[in-house]
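Chemist: Read off the chains here:
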Amino acid sequence: MSATPIRVDLQLIADMVESKTRALDVGCGDGSLLAYLASFKRVDARGMELSQAGVNACVANGLSVIQGDADTDLGDYPNDAFDYVILSQTLQATREPREVLRQMLRVGKRAIVSFPNFAHWQVRLRLVFGGRMPQTVSLPYKWYDTPNIHLCSIDDFRALCRDMGVHVERAIVLNSKSHPIHMPPLLANLIGEQAVFMLRRD
Amino acid sequence: MSVELDDLTDAERKALARCHQAILGRRRPLRLDCGVELGPYRMAYQTYGRLNADKSNVVLICHALSLDQFVAEEHPLTGKEGWWDTLVGPGKVIDPARYFIICANVLGGCLGSTGPMAHDPATGRPWNLRFPVVTVADMVRAQAELLDHLGIPDLFCVIGGSMGGMQVLEWAASYPERVFSAVPIACAARHSAQNIAFHEVGRQAIMADPEWKGGDYRLHNTVPARGLAVARMTAHITYLSEQALQRKFGRSLQDRDALGFGFDADFQVESYLRHQGSTFVDRFDANSYLYITRAMDYFDLAAAHDGVLAKAFTGTPTRFCLMSFTSDWLFPTRESREVVHALNAAAANVSFVEVESDKGHDAFLLDEPEMFRTLQGFLKGAAIVRGLGEGA
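Protein sequence lines correspond, in order, to chains H and X.
Counting with the numbering used here, you get residues 1 to 202 for the letters of the first sequence.
Counting with the numbering used here, you get residues 203 to 594 for the letters of the second sequence.
Derived from the structure by calculation, the hints contain no laboratory data.
Please note: incorrect hints may appear among the correct ones.
What the hints assert, rightly or not - Partner residues aside, some chain H positions facing chain X, computed with beta carbon under 7 Å: (1) 5; (2) 21; (3) 54; (4) 60; (5) 61; (6) 64; (7) 65; (8) 66; (9) 76.
Quick caveat, the model's predicted, so the values are computed rather than measured.
Even glycine gets a Cβ: it sits at the ideal position worked out from N, Cα and C.
Hey, can you work out the whole structure from these sequences and the hints?
Modeler: Dropping the structure here:
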């Protein structure tokens, strides 16, 4: 379970997680965040991943991972089963993001969500002046093959949290180099390429 | 010392000469699910490797219906290599250099552990069909008593496929504090109607054989060989997949160039099945087959917990790793998934891997690198948490 350096946005998420807690990473991919949390923070880290090949690779690497779908399989878990339920760069690919968030906050005491900002200036420019569906580093797909069916902006996400009565404990906005930036919300929604939110039930 | 239990069959004598045995239930008999108290009874078991100082390296292997305690060595009856030689042995995933490996012949079995051919201490006569019906939970209870007898407090890992996997689930449900990690492979939390149906065909074949004699064939010096062979042939089909049968045999003819227009084994697949049936008779007992298939049929872990499978695992501290195979239609992936759902509902630590294979149910006994990789990774992770180190 050796953990190599992880992506900057994953590192930010890992830093939000207290050590020796229980965490579920939904859409854990190759398990790099799980491995990091288990090795360096002694977290009881579990994963759920849609691709069977991803699951098999994770388990072969000593991680506790099952094949599952964020949209359908969070319902299995009991209330408060985890201290954190993590969803990194996956919310926009779920069929019912609002329900997924609700389930995450039922199953976990806190939810950590990261997603690409669809109001990033490059996205806006490409659509307004290019007249084409935006393709950027964090949104690399063509319109016809993208798994991202529910894209949102940082402000959209904040609005959803308000509607759901969810408390935003932390919100970190990242620029295109994945460095945190500190600016007023309106500007952050323009400059930020992605965001990481830590949420809890009110 | 075993005179009070039985007079042994040749098969049992050969098996017991090659493994360990323990006579249990002398002071306190084993209370079976059917209500009968069994004791004394014998457990025949094999071990590989050494118990470490703090007794934390024990791996219990639970065997399937027609297998036995000879996991990783030449079989005393057939001379064939151990049934899990691919997985267990020096340099293998379950390495005796690292783990103390135990496998016991199940209660009701026919290679040394007490089963229907033993003698009823009350009458001094062979039990045969008067032997109490045992369940998977009874098998596990007997194994737990064996561990008590050996002074082993808990298990680093319990692993098994098929009926062995059922025992693993039962172990985790009945003795959660004694099971650090559990690997149920190609199994289910209950036997399906289709699986019960296939077993019933096998049992009827045995009981329809005139040589079976109501189960008292040993008294008559006969063997219900044809019945047992047919039972095995039927069962063997369920262990394979349609693709595997087609790939292996197709419509190829056996030792002939044209159809024989009779009922000899024209096709290779017939010849193969007949061979499977006849060799099985040499190493397995017909009454044992009845009892063990019955134990599998009766297995329903949810039923014992108010019909809610998750309740079998409430608060479990055990780490689970489940595996299934894509072409296994006897214990299909959805059965494993049901167990995973229940374990999630209990917030258990669980991994689940479906292995791509066209070899059907038998895949768990074969060379399946994906299964080995999964198990290797899971055991490594568990060993670190257990404090056994990463090892080799």
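Chemist: Which hint numbers doesn't this structure obey?
Modeler: 1, 2 and 3
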